[in-house]
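> Below are the chains, spelled out letter by letter.
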Amino acid sequence: MSSRRIFARPARFAAIAPYVWMVLFFLVPFAFVLKISLSQTAIAQPPYEPVFDLTAGWDALKAAFAALSVDNFKLLVSDDIYVFAYVRSLTVALTATSLLLLIGYPIAYGMARLPQRWQAVAMVLVIVPFWTSFLIRIYAWINILQHDGLLNQVLLALHLVSQPVVWLSTDTAMYIGIVYSYLPFMILPLYATLAKMEPALEEAAADLGAPPWQVFWLVTFPLSLPGVGAGVLLCFIPIVGEFVIPDLLAGSNALMIGQTLWLEFFTNKDWPVASAAAIVLLVVLLVPLLLYERLQKRQLERGR
Amino acid sequence: MRKVSRLSRFNIASLALGLAFLYLPILILVLYSFNASRLVTVWGGWSLRWYHEFFNDRAMIEAAWMSLRVAVASATIATLLGTLAAVALSRGERFRGRTLFSGMLYAPLVMPEVITGLSLLLLFVALNAERGFWTVTIAHTTLTMCFVAVVVQSRLGSLDRSLEEAAMDLGCDPVRAFVAVTLPLIAPAIVAGWMLAFTLSLDDLVIASFTTGPGSATLPIRIYSEVRLGVKPEINAICTLVIALIAVVIVIASLASKLSSSQGESAAPL
Amino acid sequence: MAEELPGAKVAAEPAGGDASPAAGQPLLRIEGVAKTFGTFRAVDGVSLDIKAGEFFALLGPSGCGKTTLLRMLAGFEAPDEGRILLGGKDIAQALPHERPINMMFQNYALFPHLSVRDNIAFGLKRARMPRADIATRVAEMVALVKLEGLEKRKPDQLSGGQRQRVALARALARRPQLLLLDEPLAALDKKLRENTQAELMELQRRLGMTFIIVTHDQEEAMTMADRIGVMKSGKLAQVASPRELYEAPRSRWIAEFVGDINLFDGESKLRDGHRLVIGTPDAGALVVAEPREAVGTGKLAVAIRPEKVKLSRRGPVNEAGRETAINTLDGVIADICYLGGTTTYKVKLDTGGMLQASVANSARLDVDAYSLNQHVVAWFTPDDCVVLQS
Numbered sequence: 001m002s003s004r005r006i007f008a009r010p011a012r013f014a015a016i017a018p019y020v021w022m023v024l025f026f027l028v029p030f031a032f033v034l035k036i037s038l039s040q041t042a043i044a045q046p047p048y049e050p051v052f053d054l055t056a057g058w059d060a061l062k063a064a065f066a067a068l069s070v071d072n073f074k075l076l077v078s079d080d081i082y083v084f085a086y087v088r089s090l091t092v093a094l095t096a097t098s099l100l101l102l103i104g105y106p107i108a109y110g111m112a113r114l115p116q117r118w119q120a121v122a123m124v125l126v127i128v129p130f131w132t133s134f135l136i137r138i139y140a141w142i143n144i145l146q147h148d149g150l151l152n153q154v155l156l157a158l159h160l161v162s163q164p165v166v167w168l169s170t171d172t173a174m175y176i177g178i179v180y181s182y183l184p185f186m187i188l189p190l191y192a193t194l195a196k197m198e199p200a201l202e203e204a205a206a207d208l209g210a211p212p213w214q215v216f217w218l219v220t221f222p223l224s225l226p227g228v229g230a231g232v233l234l235c236f237i238p239i240v241g242e243f244v245i246p247d248l249l250a251g252s253n254a255l256m257i258g259q260t261l262w263l264e265f266f267t268n269k270d271w272p273v274a275s276a277a278a279i280v281l282l283v284v285l286l287v288p289l290l291l292y293e294r295l296q297k298r299q300l301e302r303g304r
Numbered sequence: 001m002r003k004v005s006r007l008s009r010f011n012i013a014s015l016a017l018g019l020a021f022l023y024l025p026i027l028i029l030v031l032y033s034f035n036a037s038r039l040v041t042v043w044g045g046w047s048l049r050w051y052h053e054f055f056n057d058r059a060m061i062e063a064a065w066m067s068l069r070v071a072v073a074s075a076t077i078a079t080l081l082g083t084l085a086a087v088a089l090s091r092g093e094r095f096r097g098r099t100l101f102s103g104m105l106y107a108p109l110v111m112p113e114v115i116t117g118l119s120l121l122l123l124f125v126a127l128n129a130e131r132g133f134w135t136v137t138i139a140h141t142t143l144t145m146c147f148v149a150v151v152v153q154s155r156l157g158s159l160d161r162s163l164e165e166a167a168m169d170l171g172c173d174p175v176r177a178f179v180a181v182t183l184p185l186i187a188p189a190i191v192a193g194w195m196l197a198f199t200l201s202l203d204d205l206v207i208a209s210f211t212t213g214p215g216s217a218t219l220p221i222r223i224y225s226e227v228r229l230g231v232k233p234e235i236n237a238i239c240t241l242v243i244a245l246i247a248v249v250i251v252i253a254s255l256a257s258k259l260s261s262s263q264g265e266s267a268a269p270l
Numbered sequence: 001m002a003e004e005l006p007g008a009k010v011a012a013e014p015a016g017g018d019a020s021p022a023a024g025q026p027l028l029r030i031e032g033v034a035k036t037f038g039t040f041r042a043v044d045g046v047s048l049d050i051k052a053g054e055f056f057a058l059l060g061p062s063g064c065g066k067t068t069l070l071r072m073l074a075g076f077e078a079p080d081e082g083r084i085l086l087g088g089k090d091i092a093q094a095l096p097h098e099r100p101i102n103m104m105f106q107n108y109a110l111f112p113h114l115s116v117r118d119n120i121a122f123g124l125k126r127a128r129m130p131r132a133d134i135a136t137r138v139a140e141m142v143a144l145v146k147l148e149g150l151e152k153r154k155p156d157q158l159s160g161g162q163r164q165r166v167a168l169a170r171a172l173a174r175r176p177q178l179l180l181l182d183e184p185l186a187a188l189d190k191k192l193r194e195n196t197q198a199e200l201m202e203l204q205r206r207l208g209m210t211f212i213i214v215t216h217d218q219e220e221a222m223t224m225a226d227r228i229g230v231m232k233s234g235k236l237a238q239v240a241s242p243r244e245l246y247e248a249p250r251s252r253w254i255a256e257f258v259g260d261i262n263l264f265d266g267e268s269k270l271r272d273g274h275r276l277v278i279g280t281p282d283a284g285a286l287v288v289a290e291p292r293e294a295v296g297t298g299k300l301a302v303a304i305r306p307e308k309v310k311l312s313r314r315g316p317v318n319e320a321g322r323e324t325a326i327n328t329l330d331g332v333i334a335d336i337c338y339l340g341g342t343t344t345y346k347v348k349l350d351t352g353g354m355l356q357a358s359v360a361n362s363a364r365l366d367v368d369a370y371s372l373n374q375h376v377v378a379w380f381t382p383d384d385c386v387v388l389q390s
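Protein chains in written order, with our numbering: chain A, 1 to 304; chain B, 1 to 270; chain C, 1 to 390.
Just chain A, with the same shape it has in the complex (with noise of 0.2 angstroms):
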């Protein structure tokens, strides 16, 4: 028995509390989904129909999986407005993706490449602006991008336009908030990996005559992908089912599926379709949720 293994009989017990919460909120919950997305509409208080009832026994049981339906499923196949917001929602995760690591990349490495101490101050200014509300900062560009807003006045008053733009409703001022609300989740990895790496590293580059821009993209670049790789895992899932950013900034011709999710379950109130429509975004998002989740643990059980 080692001193590791001494500590870990008492740290075993610590789990059982968050443990008995998270299966009881977050995995029980799933089912439930799941269960819903099978069932049928009604018209009633909950809008569905249960499909089945435990204290029924055994035949009703058995009756009741006769009964589920993939009906939901198919209709978010067959009906192109489903369709197109998949592909809608992730078109725009992916060029906002891109456009975070483009604006994120030269910030976090400009900060790595800070003196040390400056380089704690620089840390604390990206985040600050994380721990304001989401909501205010998004409120913040509809103040600027509105049809009499600061921007409007600006390009006016430098005559660069000579009447106001329509900013808001536009996919142009979608992608700004996009981009402004999760640039702290871009920066911070990036940074992380490129301050980590050893000077030397890259004077040695310089040595053997790399140019500078050889440097950064034979030795700085390719060491900093586990840092990319994080980043863009932690922008591109939640912005694939993001809700607010578009629903305040982006025009609703096209929406994407945490809207219509929202859409079918406040104001259709089709609590099935938008159960199934829940589970094909868990679905379309495993892949990179289970890469973001080994990335996570082998950092943080790496123990750096």
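These aren't lab readings, by the way, just hints derived from the structure by calculation.
Nothing here was measured: the structure is a model prediction, and the numbers come from that model.
Check each hint, because a few of them may be wrong.
What follows is a set of in silico ranges between Cβ atoms, one per label pair, in the way DEER data are often shown [to be verified]:
| # | chain 1 | residue 1 | chain 2 | residue 2 | range |
| --- | --- | --- | --- | --- | --- |
| 1 | C | Gly341 | A | Val121 | 29 to 39 angstroms |
| 2 | C | Lys235 | A | Phe216 | 46 to 56 angstroms |
| 3 | C | Gly38 | B | Leu241 | 57 to 67 angstroms |
| 4 | B | Glu130 | A | His147 | 37 to 47 angstroms |
| 5 | C | Pro130 | B | Val175 | 21 to 31 angstroms |
| 6 | A | Leu94 | C | Leu192 | 52 to 62 angstroms |
| 7 | A | Thr95 | B | Glu130 | 40 to 50 angstroms |
Cβ coordinates follow ideal geometry from the N, Cα and C atoms, glycine included.
With chain A's structure known, arrange chains B and C on it following the hints.
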């Protein structure tokens, strides 16, 4: 002595632009919350008019009160559970169900909020629970304890294990070694975890929308419904107050963690 | 609950009190201890007795199992096989906090959130010592390691040497029956390390305590320890006094591991009284003293320490030398390495081999020095040679 600065002009420019991008919108918002004019276009002089308006808006005040209560309650429970989870994961070695446990803890970090919200609502409906303060608190706890667990776990992971061994060598059983040595050293991370949970809860719109009931809207829900109707200067004032509150929490928490930790060690970021 | 711990009881008593075993019995007896990590056998059947009041060093290259053995004594690892008897009681499966043994960690493991005073008092508080006694004992310890005036500092406000002293004081404060030191001086620079070595020895003698130190630095082990246990691949290769280890290594590996050595492989040719003639391809026939332990007639190696080899321009200089220095070898200087106190010459022997000779620089001017390619005669006595099984 390093003669060539590693900082190029490109580095400085991207840093400056990046920080400006992050801060300008918030500064503008704070500035306009003190604008006497209703129109954003016009600067009508300094005024506290919109703050006054907010404090007379009963519904808004109630929502803010609800949000604060939920944030404090859920952050506290989440800190407790998240710290326990972090201890189990980083000190428990292998145990049965560990993979499932860590999976359940990492997934909500990136899971789209609509899914978490929807699934919890379906659970509450099935349980026939009355929706309001407690359902939102439970939902927020479920989400934020995962963040606490990650923050605390990364601190535990970077802690020198020989400190715990030294404590045992000097006569502590494992539990006492944890209390006397480990806990004081991870305290800054626990404080940071609470702060994170608090702000995440205060911030959340989507999960709260799913899990709350009629008549108990949180602040983000109220703000959201107002914002959908267009820009209102009163919102600027509320947002400024929320920013100020969070700033105060950050300052207090970082002071607390400075006091409790030894010099040279800072609270875990995020 | 701490009062029930044996460690707590002992901590309140002076070292070497009635807790120590009867005379003649070892304080610590390690019996056939083994530890396997996965498929790696880190410690492989080690048996060892350590007497009370002894300063014992475990020496070996990294990965030889010395640290694992030490951690088993402290209770951080439990042996898979074997017994560890402390004062006649098996403690192999006891938890760390139940043992009257304390350890000084390699990186010191000082609690960063506690002051110097609280670090030293940590173990005493666990033993439920009365407040006043704790204060007295801490003051005593602070004086012992000369840290007066720094009691309120935190570890990160101390220098490396000061931290080392706090770690020592903390480990000594409970007056353990046995103190384990894991590479205690590895983090100090050379000058400070030498001073600290002397202080540690002085302290150990004064307190009459039993120390076990783990080190990879043979000079450190030689300087400080009464006895040294050399470990290799989980086994104890030799346990001996520093002198015996150096002058009479038991195997070729130990001879090469401890200090510099010249080795010539060969075969036993002839026995003449107490002398043995060994034919080597590299250095010709060498006359050596017959070893105490009988060696086979097969492949052997002759080992000579460089400082035992004398050089001169014409061979053994005086009558006495001529008589005893039966081994004389001709060669030319191939390499010179000036080290300050000594100079090491590499002599290319006419017989083909290479011989290292270490010569003391007893004169300041280089009148005695040899130059490159100079012809020299190297000589040494049969008693200077050690015969090893090849």
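> Now, for every hint given, state plainly whether the structure supports it.
A quick look at each hint next to the structure:
1. About 52 angstroms separates the C-beta atoms of Gly341(C) and Val121(A), a value inconsistent with the hinted range of 29 to 39 angstroms.
2. A hinted range of 46 to 56 angstroms holds for the C-beta pair Lys235(C) and Phe216(A), which are about 52 angstroms apart.
3. Gly38(C) and Leu241(B) have their C-beta atoms about 59 angstroms apart, which keeps the hinted 57 to 67 angstroms range intact.
4. In this structure the supplied range 37 to 47 angstroms holds for Glu130(B) paired with His147(A), their Cβ-Cβ distance being about 43 angstroms.
5. Hint check: Pro130(C) to Val175(B), Cβ distance near 24 angstroms, so the stated range 21 to 31 angstroms holds.
6. At about 59 angstroms, the CB distance of Leu94(A) to Leu192(C) agrees with the hint of 52 to 62 angstroms.
7. Distance hint check: the CB atoms of Thr95(A) and Glu130(B) are about 43 angstroms apart, consistent with the given range 40 to 50 angstroms.
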